[in-house]
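For reference, the chains in residue letters:
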Amino acid sequence: MSALRYLIIFLSLTFAVSADQAQSGFKYGERPTNSVFDPTGILTVKEADEIATPLVEILKNEEIDVIVVVLPEIGTAPPLHVARGFAEKWSQTEINAVVLHIPGQEDSPWIFPGKVMSSTLPPDVMRQSLEEAESRARAEPSEFSKIKAASIEAADVMRFWKGSEVIRDEVKISRQLQARLIFEQRDRLIKLSLGIGAAALIPLIFGAVFFFVRIKSSGAKRFPDLRVTHRLGAPYSGGNNAVSGS
Amino acid sequence: MSEIREFSPKRFAIASVTCPSCQIRIERDTKWCEACGFTGSKSMDMFGENPPPLLPILDVVDLWTPKEQKKIASAVKAFGKRFPQIKWRICAVMLGAEVSLPVFGFWLMNVCPLNTGETEEDREWTVLLLVDGKTGNTSVTTGYRAEVWLSDENWVPALAEASSAMRQGDTLQAVTNFLKTAKASFEKAWKRSQAQLKQEAAS
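Residue numbers (the working numbering), protein chains in the order written: chain B, 378 to 623; chain W, 111 to 313.
Keep in mind that a hint or two might mislead.
Said to hold, decoys possible - List of simulated lysine-lysine pairs, BS3-like, C-alpha gap at most 30 Å:
hint	chain 1	residue 1	chain 2	residue 2
1	W	K308	B	K598
2	W	K187	B	K598
3	B	K598	W	K120
4	B	K598	W	K290
5	W	K301	B	K598
Worth flagging that the hints you see were computed from the coordinates, not collected in a lab.
With these hints in hand, go ahead and build the complete structure from the sequences.
Right under this line is the structure:
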């Protein structure tokens, strides 16, 4: 029985790979529902909504995920790394981008596309169109308008590239790969579970067989019935000579 | 109702029968011993006509304490689970060397009245273990249905166990060891009987 207990514990631990694993440990916590993360408070609620509304629509209708992140500072970390961190933890689709803005910084905001884009498109082509989009956004007079412009530019760029055949194929392949990975993982898990299950079953089966054999062999035994012949005029026993002395 | 087939004892018996008085070989249906003239009525002349009831544990000489008798009863019960047909009677007496244990056992088995609830068939399946507290001798007397499966020689190992314990003064162990060894002997006898039945069925 202990083997079965270990199997149950193992399976529950294995399947309890946290759904929050992707977000556990991220210092900025969970993704905000409206795709705009502004801990600086530089945007008013109305301004944040104005930026977020089209982004939510694009996400819903076109599966393009643009996340806007406004941070007070990023220290010495390259903006690309910071943006990638947000993309890895928060992005919900394959076609995604992070608009990263540090208020007061001259070369901000930045637009960083997700892995599918950046690994598929030629780097110089991608950089050129992004730089153009970024510079248009940076030219805006206010922080709000800069962020809004950058988010629109990012969505437009994503939309444009998404339409391209290269990206379409890449997304398709990526999805196929992902699905295969999931299946393989599940397959491995199932095989492992079956293996452990079988290993646990073997002693159980042996135990059951042994128990059954013991039970069968431990039952009452009956001798065949006999016709009785009497001797020496004795009704029940003819006597014998089984004696042992001390 | 299906009929239970009854076999002739000769089919399964592994030894011939002997006179309890003179140990000469006799026929299974003889009315008296041709060598010494022994019959059942002679045993009544020797020991009387009023024996005690043949109880499962008959200890007329206080050989065992009540606690020991319980242990003996428990061992008998365990034996009965395996071989329910065999009915044990364990009897402690003080007879002395001049009295023949086999004849005394023959007398007890045939002259003691049936107990309440005991049938003739039960008595025929009875095995009586006699323990003589005076001499330390032990003997086994078997009913007609029980005698077929073990010969006198087959009983020797079990009786030797009992005697060995009696020599050491352990009267309880004498019985429990005896029963343990007897059970092993009956296991072999049972397997033998099943093999014979299978052989018969095959032919």
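**OP:** List, from low to high, the hint numbers that the structure doesn't satisfy.
**Re:** none
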